[in-house]
Amino acid sequence: MNLRNAGDDVARAVWTALGAIADPEIPVVSIVELGIVRDVRCGDDECVVTLTPTYSGCPAMRVIESDVQSALALVTNRPLRIVTALTPPWTSDAIAPEARRKLAAAGIAPPGEVSRIVFQREAVRCPNCGSMRTEEIARFGSTACKAQYRCRDCLEPFDYFKPH
Amino acid sequence: MLEEDIASTNVGLDLLGQARLWLAYAGEIDGRSEDRLAYFRESGDFRNLLLVEQPNGNYADTIARQYLFDQWHVLVLAELATSKDSRIAAIAAKALTEVRYHVERSSRWVIRLGDGTDLSHGRMQAATDALWMYTGEMHIADASERPLIEAGIAADVEALRVPWLADVRSVFAEATLTVPADSWMQGANGRGGKQGVHTEHLSHLLAEMQVLPRTYPDARW
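Protein chains in written order, with our numbering: chain U, 76 to 239; chain P, 17 to 237.
Calculated from the structure, these hints are not laboratory results.
A few of these clues could be false.
Stated by the list, open to error - Selected chain U positions facing chain P (Cβ under 8 Å, derived; list incomplete):
| hint | residue |
| --- | --- |
| 1 | W90 |
| 2 | T91 |
| 3 | A92 |
| 4 | C133 |
| 5 | T162 |
| 6 | P164 |
| 7 | Q223 |
| 8 | H239 |
As the list claims (entries may be wrong) - Taking CB as the label site, the calculated pair distances span:
| hint | chain 1 | residue 1 | chain 2 | residue 2 | range |
| --- | --- | --- | --- | --- | --- |
| 9 | U | V103 | P | D145 | 42 to 50 Å |
| 10 | U | T166 | P | Y232 | 35 to 43 Å |
| 11 | U | E140 | P | Y232 | 23 to 31 Å |
| 12 | U | E231 | P | W200 | 47 to 55 Å |
Even glycine gets a Cβ: it sits at the ideal position worked out from N, Cα and C.
The shape of chain P in the complex, shown without the other chains (with noise of 0.2 Å):
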């Protein structure tokens, strides 16, 4: 398990790497710092999806979780790369290098547990069920997001539905998984990470990430 630890560490080094890039020029729009934005916003004004702030769990929580992640992601770069806004353009770019390797090694790993003993196909399967109803959120266009797109600025992310579904259909086909059946989903009423309004999971997270720079706020590293 070291090595798979090293990966996921890798994958987080990558995902830090971007989020400074995105970071830092929405804080250039912004007036703040990247640091600014990452260490001293409350987790209200934390825009992210309700996903990737569930708890790591077993491996076949953390692997649900990055797997639907991952494919949404490489769909949401690849439309990002030929944004009109030439920064976000070359940022996604960037970062769809690193992504198309990332849901190649989460799509491997949903296989060989979905695919592999009863007890890591009875444990993909409950996490794949659990994580499902925030996958809604992810193909849902904020208020904030439709003059964006119809600028050609950001992703249409409601189009991206139906080939996400397909190649998760596909994933989980290989891996003899069920699709969930979509049914509640949590942020579909306007109420989700893109909001502001999350778990409680974040606020651990955020305390455990912002614990430094606010003790020692003119912390130089």
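Same shape as in the complex, but just chain U (with noise of 0.2 Å):
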């Protein structure tokens, strides 16, 4: 087996890894399922990570980088380089279609697509009983990334992940 394998092999199993991490704020998806995971390149001396932040101020990237750091210990030696990148920055379009149906069943409503919805109002589902005749509480709900939303069937609130 030549390196480059060796090195795809590793790379392989840290994707693997990471996909195992759930997002510390909304724990039913993993940070891979969400997009915060933007590259994995392993050399022969290092394993480099490259995130991208959902939001710039969000309190989660700590956490999950430490996150990354413990859960590839298991998975290789080589050393972790943790690489930020902002371009092109994260939409919840990079939410995966079977992470938003892990979103409704956890109650919290999935995105809508960014492209679709920038000029006219979003519709909502409620995730607790299918209606569409639901209407915004607050343009902000528990964590940045989040509305909150009320559904005028069932009457319940919930939290709506914002297509941004």
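Mind docking these for me? Both chains are given alone in their own frames, and the hints should help you get the complex.
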């Protein structure tokens, strides 16, 4: 096995390990599913993991970095370097389809497609009863990435992951 | 009001995150860490706009300050996103996605309060009237900015006055508010926030923000 393939094997193991790291604020989805992990490159002397913040002030970034450190220590003994990339900016379109289903199952309405809702108010489906008769209570919710909504049919309040 | 308390905190969190990115970059050029720049400068060393250091006041005061700033911020960031300095362009593009949301929220509140009850309308108009004199310096380029504007690195803030005013006029029209007449503008004489000449309010804000690292200079967090 040449070194290049060995690096690829490590990178695959690293991706698998990253896929098991839950987002600290929305633990039903992984950081890979949220689109926070941009790139993994493993060379002979180090592994470089590129992360991008959802929001520039996201308080979970430090926790995520330390989770990445400890998870990868179990898969590879190569030194780890974490790089933060801002370009292109993260958008909620980076959230994997499977993660959207997981969000809905956890009672968080998944975001609509950013490109489709820029010029019109988004229609949000209630994650509890499926009704489209919902209304916004507040533009921000329990974390920077969510807004607060209420269902006018089942009357339950719920979080909406903002398209962003 | 709990929801709005959370909203203001979240907007603050976005702005704090953006400030860290800017300060970290400034520090790389300047040789000081982001913490050093935030916690160990005196008020006269800060170059922020006078508008953003004004007190919270009542909720109309808070919203007026936020809206007048957001409407400017979104225009400046859109310009900076095309800066010839790739690092500035990257930070601005990231911040822009957040600030578009800020201006949407604050403009809706201006409309809700302005076009609300007699009481909320009166307070919103009074807040706008009181803060208007701090909006002039947003559109005046400091001597240190001009070479950067010419080099395509900084935003041409003077050119943003017309679109800013057009946006403000349109929101105020929907809010049934009167756009205040331009009279004396603070900082317009070259002695404002961009030159480090601040209102007394900045020192109070800095005292609260800086007390911990100044009391325990070796503290780590």
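Quick rundown of the hints versus the structure:
1. The restraint placing W90 of chain U at the interface with chain P is violated, with a minimum CB-CB distance near 25 Å, outside the 8 Å limit.
2. Nearest Cβ of chain P to the Cβ of T91 of chain U: about 29 Å, over the 8 Å cut. The hint is violated.
3. About 27 Å separates the beta-carbon of A92 of chain U from the nearest beta-carbon of chain P, more than 8 Å, and the hint is not met.
4. Satisfaction of the interface hint for C133 of chain U is found here, the shortest Cβ-Cβ separation to chain P being roughly 7 Å, below the 8 Å cut-off.
5. A distance limit of 8 Å between C-beta atoms decides the matter here; for T162 of chain U the minimum to chain P is near 4 Å, and the interface restraint holds.
6. Given the 8 Å rule on beta carbons, the hint for P164 of chain U holds: about 4 Å separates it from the nearest Cβ of chain P.
7. For Q223 of chain U, the suggested interface contact is upheld, since its CB lies about 6 Å from the closest CB of chain P, less than 8 Å.
8. Because the closest C-beta pair between H239 of chain U and chain P is about 6 Å apart, less than 8 Å, the hint holds.
9. Between V103 of chain U and D145 of chain P the Cβ separation comes to about 48 Å, which falls inside the hinted range of 42 to 50 Å.
10. Range check, T166 of chain U to Y232 of chain P: about 39 Å between beta-carbon atoms, so the 35 to 43 Å window is met.
11. At roughly 24 Å, the beta carbons of E140 of chain U and Y232 of chain P sit within the given window of 23 to 31 Å.
12. Between E231 of chain U and W200 of chain P the C-beta distance comes to about 53 Å, which sits within the given range of 47 to 55 Å.
Of the numbered hints stated above, those contradicted by the structure are hints 1, 2 and 3, listed in ascending order.
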